[in-house]
Amino acid sequence: MNAPSFLFYFFEIIAAGAAGALLFVRNVFYGALLVIAVLLALAGLYILAFAEFVAVTQILVYAGGILVVIIFGIMLTTRLGGKPLVIEHTRSISATLVGLAFFGTLVYLLSREPFEAHPAKAAASTPLDTTQTLGVLLMSDYVLPFETAGILLLMALIGAAVIASERKSKKV
Amino acid sequence: MNVPVHHFLYLGAFLFSAGLVVVISKRNTIMVLLGLELMLNASNLNLVAFNRLHPGNLQGQMFAIFVIVVAVCEAAVGLAIVLRIYQEYQTSVPDDVNELNL
Amino acid sequence: MDAIHTYSFFFRFCLVAALAFPLLSFALSFYISEKYSWITSVLASFLLLLGTLASAVVLYQAWNHSPFTYQREWFSLAGYSFSAGLHINNISALMLFIVTGVSFLVHLYSVGYMAGDAGIQRYFAMLGFFTFAMQGIVVSGNLLMTFVFWELVGFSSYMLIGHWHEIPAAAEASKRAFIINRVGDAGFLVGLMIVWAHGHSFDIAALQQLPVDPTWMTLASLGIFCGIVGKSAQFPLFTWLPDAMVGPTPVSALIHAATMVAAGVFLLARVHFLFTVPSLHVVAVVGCITALLGAVSALAQHDIKKILAYSTLSQLGLMVVALGAGSPQAALLHLFTHAFFKACLFLAAGAVIHTLHQAQHQSHVHFDVQDIRNLGGLQKKLPFTFLIFVISGSALAGLPFTSGFLSKDAILTALVQWKGEGFSWKLLILAAVALVSFLTVVYTFRMIWKIFKGTETATARLYVSEPPAVMRAPMAVLAGVSLWIWFSWNPFDFSGWMYVNIGEAKPFHSGIVSIASAVWVILALGVAYFTRQVAFGSSWLLNAFYFDRFLKQFVEKPILQLAALTHHADKKWIDGFLHATAYAQLVVAHLTGWFDRAIVDGLVDGVAGAARGLGSFTRSFQGGKIQLYIFWATFGIIIFIIWTLL
Chain A
1 MNAPSFLFYF FEIIAAGAAG ALLFVRNVFY GALLVIAVLL ALAGLYILAF AEFVAVTQIL
61 VYAGGILVVI IFGIMLTTRL GGKPLVIEHT RSISATLVGL AFFGTLVYLL SREPFEAHPA
121 KAAASTPLDT TQTLGVLLMS DYVLPFETAG ILLLMALIGA AVIASERKSK KV
Chain B
1 MNVPVHHFLY LGAFLFSAGL VVVISKRNTI MVLLGLELML NASNLNLVAF NRLHPGNLQG
61 QMFAIFVIVV AVCEAAVGLA IVLRIYQEYQ TSVPDDVNEL NL
Chain C
1 MDAIHTYSFF FRFCLVAALA FPLLSFALSF YISEKYSWIT SVLASFLLLL GTLASAVVLY
61 QAWNHSPFTY QREWFSLAGY SFSAGLHINN ISALMLFIVT GVSFLVHLYS VGYMAGDAGI
121 QRYFAMLGFF TFAMQGIVVS GNLLMTFVFW ELVGFSSYML IGHWHEIPAA AEASKRAFII
181 NRVGDAGFLV GLMIVWAHGH SFDIAALQQL PVDPTWMTLA SLGIFCGIVG KSAQFPLFTW
241 LPDAMVGPTP VSALIHAATM VAAGVFLLAR VHFLFTVPSL HVVAVVGCIT ALLGAVSALA
301 QHDIKKILAY STLSQLGLMV VALGAGSPQA ALLHLFTHAF FKACLFLAAG AVIHTLHQAQ
361 HQSHVHFDVQ DIRNLGGLQK KLPFTFLIFV ISGSALAGLP FTSGFLSKDA ILTALVQWKG
421 EGFSWKLLIL AAVALVSFLT VVYTFRMIWK IFKGTETATA RLYVSEPPAV MRAPMAVLAG
481 VSLWIWFSWN PFDFSGWMYV NIGEAKPFHS GIVSIASAVW VILALGVAYF TRQVAFGSSW
541 LLNAFYFDRF LKQFVEKPIL QLAALTHHAD KKWIDGFLHA TAYAQLVVAH LTGWFDRAIV
601 DGLVDGVAGA ARGLGSFTRS FQGGKIQLYI FWATFGIIIF IIWTLL
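Note that the protein sequences, when read in sequence, are chains A, B and C.
Under the working numbering, the first residue of the first sequence carries the number 1, and numbering increases by one thereafter.
Under the working numbering, the first residue of the second sequence carries the number 1, and numbering increases by one thereafter.
Under the working numbering, the first residue of the third sequence carries the number 1, and numbering increases by one thereafter.
Incorrect hints may appear among the rest.
Below 20 angstroms or equal to it, Euclidean Cα-Cα: the simulated EDC-like pairs (lysine to aspartate or glutamate) are [claimed, not checked]:
| # | chain 1 | residue 1 | chain 2 | residue 2 |
| --- | --- | --- | --- | --- |
| 1 | C | K453 | C | D371 |
| 2 | C | K625 | B | D95 |
| 3 | C | K175 | C | E73 |
| 4 | C | K426 | C | D371 |
| 5 | C | K453 | C | E466 |
| 6 | C | K175 | C | E456 |
| 7 | C | K625 | B | E88 |
| 8 | C | K625 | A | E88 |
| 9 | C | K557 | C | E172 |
| 10 | C | K453 | C | D368 |
| 11 | C | K625 | B | D96 |
| 12 | C | K557 | C | D570 |
Simulated restraints on C-beta separations [said to hold, decoys possible]:
| # | chain 1 | residue 1 | chain 2 | residue 2 | range |
| --- | --- | --- | --- | --- | --- |
| 13 | C | S616 | A | A3 | 57 to 63 angstroms |
| 14 | B | L53 | C | A633 | 28 to 34 angstroms |
| 15 | A | L100 | C | L586 | 39 to 45 angstroms |
| 16 | C | S620 | A | V56 | 44 to 50 angstroms |
| 17 | A | L100 | C | V587 | 54 to 60 angstroms |
| 18 | C | I641 | A | A3 | 33 to 39 angstroms |
| 19 | C | I641 | A | V56 | 43 to 49 angstroms |
Partial list, computed: chain C residues near chain B (C-beta under 10 angstroms) [claimed, not checked]:
| # | residue |
| --- | --- |
| 20 | G624 |
| 21 | K625 |
| 22 | I626 |
| 23 | Q627 |
| 24 | L628 |
| 25 | I630 |
| 26 | F631 |
| 27 | T634 |
No lab work stands behind these hints, which were simulated from the structure alone.
For clarity, every value in this text was computed on a predicted model and none was experimentally measured.
For every residue, glycine included, the Cβ atom is placed at its ideal position computed from N, Cα and C.
So here's chain A without its partners, still in its complex pose (with noise of 0.2 angstroms):
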């Protein structure tokens, strides 16, 4: 086994332990560190899957600013006091066989498809430098898609601060 490889399994193995105690945590924080740890392994599995412009994003803007957001959130609907936000689960069994259904579907479906490289395509050079032929496709190829993404995420940023801002004065 080479470095690649160990690597590979490396980081499988942490997001999917992560991804598993993610469901017997009972405290939010911890879940929320959890989750970072998946999103930071996935980042690296992406950098083996020769996705390194995925990968960087999926750190800033995911570890770096989603669950930021999402540990303010916990942080601002824990009650004074400073006591941990500690949870409790429901339907565990419902959701338990639900989840052992899908993951038991999902992974006979895949295991049924050989998903075999395409021998055309395989021949073709990899570009060695992803990410500038990403920027030249954003802007060029995707460059509508890109402009709309931009548009969504101000209506998101100024949606979300309209419907967290207090409204005191509407309530009844």
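Given the coordinates of chain A, work out where chains B and C should sit on it, guided by the hints.
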């Protein structure tokens, strides 16, 4: 690295299932959001893994980036809603908010 | 007799009228107000007079002609038609006349006898009804119809015996007469059923053509004879007749001397052809026992009416013996003569009782006026009654120049003819009958002696006067017909116009029998005179050999025990069974109730519950719980994936 693509996919399946279980069973809206992130990441992992089967093509990665962007929006708006609900109902348990019940 | 006689409309009218007048009397008696109840008695007597006239016309027109028959369907049952019919021949025409005539005389007598009685309307109503029923028996040409009237007669007899029902003895006696008659009637009914089973007809004329099956005929005739035994007070069902004497005396005269008890003999003569030789022997023996028993018991009685009752028993026994000896003619002759003189005797006894009662009423002296030991020497005070008593008593005793001599002679002659040559048990019967006729003389004249001769004892201080004319007239008429002249011109030859015409048998007359009979009777008269003071005080005789008690001991008791047993069985087994059935039904009802509740209702409730469960189940999808929605959505997706992709 000659790791079969299936190993990516199995992990994605596991993460998705785990996210699903978290979404269903946790009595906290923030945890539900975390489960959702987990599921989005599982799909992202799949996109990246499939992109690996088509080396001259970056559509999968491109999709993953857009998914991340949308996830950001979703997280922002979702958290805003969670906070708003907390303000309105003084609870973060989704089952307590059952005004959809007829 | 001519071959076919066509009867005029007038005849039919008179026949219907003869029956209708007593019935009318019965009906009218209820419509006259209580206040004018004396009208009832007069009206009833008048109606009966009309009925007597009508029956006289019937007798005159039907005499010695071919029988008048009238028949029509009464009802049909199970494909068989039951007819009702009239059959008038010499016998029934004569009987009709006698019944109506005696009834009229008794009505007339009752006007005096029952005057002032509270229940006079009921009395005359039942008297009319009885007459009608009795006439029904006489004219009926059909055994079923006869049976119906037979029962009606029994009923009216019951009503009349119990006329003074406030006296316990009367109520008891009426009940008793009715029940004992019922026993006989049960046998009668069985006999009728056998006859029906064999002939499919109750018509007497039709039955005469019936092929004879000896065994069944014997049984049938014995069954019918049972009814006759009950009605004519033969051994062993005779005990009701002496008890029935508690009824008014005219009733005793009419019912228990002249008509009802004679109905049995009449019926026996009418269905004589049904009787086989063995059953005739039974008839003869029963009659003989009754005759002896009655005669011996009459000797010891103290009560006037009881003496007469036992004498009636004895005379009826003689008639039955004659029938058993195969001579209905002799029996009927005796029946007719007996009807007159015995009714006359009863009326005379009634006159004595009535006048003494009234005298008692005035002087407030009380003793039993019916007890001959309290009587005596009444000849001076009641000369007319004494005369009547003597004439009718002579007829009963069978002295020459009376009707009784003729008919007794006929019976004896028939028996002599019947016993045939040589020695047999029939000779015993003959001897017994001779003894009975001897005893008859003795008890009759003892009674007359005790009442009218000797010295007055209890009655000495009473002012006794003859009964009123309305009572004397019937007695005189009846005493008149107790003479021989009405039955045969020759006082020593019974085969006069009546005897010859009431049967087909050739008259057989033996002068020796007549002479022997006359001598015998006069001998008896002498004995009676010399034994007049001797009291036959045996309690056995007084109580008719305690036959009553015997019945009570050996018939009533076992029957009561059997009744108790069957009652117990009924209570325990049949009721138990019924209760068990009821209980089982209850259980089944509970089971079905449970089934209904649990299964049927359960099914309905179950459907409802299932719907509700399904509803709440499906409602749970709409629980407003987001996570649950997600769960179900995922569940659906899994199903979808498995369904489509696997």
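The hints, checked one at a time:
no.: 1; hint: K453/C - D371/C; verdict: 15 angstroms, holds
no.: 2; hint: K625/C - D95/B; verdict: 5 angstroms, holds
no.: 3; hint: K175/C - E73/C; verdict: 35 angstroms, violated
no.: 4; hint: K426/C - D371/C; verdict: 38 angstroms, violated
no.: 5; hint: K453/C - E466/C; verdict: 17 angstroms, holds
no.: 6; hint: K175/C - E456/C; verdict: 37 angstroms, violated
no.: 7; hint: K625/C - E88/B; verdict: 17 angstroms, holds
no.: 8; hint: K625/C - E88/A; verdict: 16 angstroms, holds
no.: 9; hint: K557/C - E172/C; verdict: 18 angstroms, holds
no.: 10; hint: K453/C - D368/C; verdict: 18 angstroms, holds
no.: 11; hint: K625/C - D96/B; verdict: 8 angstroms, holds
no.: 12; hint: K557/C - D570/C; verdict: 19 angstroms, holds
no.: 13; hint: S616/C - A3/A: 57 to 63 angstroms; verdict: 59 angstroms, holds
no.: 14; hint: L53/B - A633/C: 28 to 34 angstroms; verdict: 30 angstroms, holds
no.: 15; hint: L100/A - L586/C: 39 to 45 angstroms; verdict: 59 angstroms, violated
no.: 16; hint: S620/C - V56/A: 44 to 50 angstroms; verdict: 46 angstroms, holds
no.: 17; hint: L100/A - V587/C: 54 to 60 angstroms; verdict: 55 angstroms, holds
no.: 18; hint: I641/C - A3/A: 33 to 39 angstroms; verdict: 38 angstroms, holds
no.: 19; hint: I641/C - V56/A: 43 to 49 angstroms; verdict: 34 angstroms, violated
no.: 20; hint: G624; verdict: 3 angstroms, holds
no.: 21; hint: K625; verdict: 5 angstroms, holds
no.: 22; hint: I626; verdict: 5 angstroms, holds
no.: 23; hint: Q627; verdict: 5 angstroms, holds
no.: 24; hint: L628; verdict: 8 angstroms, holds
no.: 25; hint: I630; verdict: 6 angstroms, holds
no.: 26; hint: F631; verdict: 5 angstroms, holds
no.: 27; hint: T634; verdict: 6 angstroms, holds
Of the numbered hints stated above, those contradicted by the structure are hints 3, 4, 6, 15 and 19, listed in ascending order.
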